[in-house]
Amino acid sequence: MSQVSDTLDTTVRYTGKRTAVVVVTGDVDLHTAPVLREEALTAVGHGARHLVLDMAHVDFLDSTGLSTLIVLMHATQEAGGSLRVASVPERLVRMVTMTGISELLPLHDTVADALAALDVDEGAAGSADDAAGGVGSSR
1 MSQVSDTLDT TVRYTGKRTA VVVVTGDVDL HTAPVLREEA LTAVGHGARH LVLDMAHVDF
61 LDSTGLSTLI VLMHATQEAG GSLRVASVPE RLVRMVTMTG ISELLPLHDT VADALAALDV
121 DEGAAGSADD AAGGVGSSR
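For the sequence shown, the numbering used here begins at 1 and goes up steadily by one.
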């Protein structure tokens, strides 16, 4: 699944039964943030309650983009999952930390780090994915 807007391209890659990586390329602003929100929420609607946003190729992120991250965080939490942000370019790290977003969302150096941390967190939670509301199960 992929969608292109004037300055934003998103590609969703499902990496597991409950996990998707959303690769974001371009600017996330007032005009393009709805594209990111729609693609990510569609992935959540298809069962990917854990999302990793790969921001390595994001050129610009404004306040609308930041609020979209909060919307996606709430959507994944409501689905029983989480949102993680990976590969934030150095030029955007300062804004993400100054606004407090980094206090709410785990930031990871790479997508692989985010997925590995997700596996650790899921394992510690007793694999809620496999035990629908029941007591933890083994993998």
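Hints are computed from structural coordinates only; laboratory data are not their basis.
Watch out, some of these pointers could steer you wrong.
[Claimed, not checked] Distance ranges between label pairs, derived from CB positions:
{"id": "1", "residue 1": "M98", "residue 2": "T15", "range": "16 to 22 Å"}
{"id": "2", "residue 1": "H74", "residue 2": "Y14", "range": "18 to 24 Å"}
{"id": "3", "residue 1": "T64", "residue 2": "S102", "range": "15 to 21 Å"}
{"id": "4", "residue 1": "G80", "residue 2": "T7", "range": "28 to 34 Å"}
Where a beta carbon is used, it is the ideal one built from N, C-alpha and C, also for glycine.
Going through the hints against the structure:
For the pair M98 and T15, the beta carbons lie near 31 Å from each other, so the given range of 16 to 22 Å is not met. Our hint of 18 to 24 Å for H74 and Y14 holds, since their Cβ atoms are close to 21 Å apart. Distance hint for T64 and S102: a CB-CB separation of about 18 Å, consistent with the stated range 15 to 21 Å. Remark: the range hint 28 to 34 Å for G80 to T7 is upheld by a beta-carbon distance near 33 Å.
Of the numbered hints stated above, the single one contradicted by the structure is hint 1.
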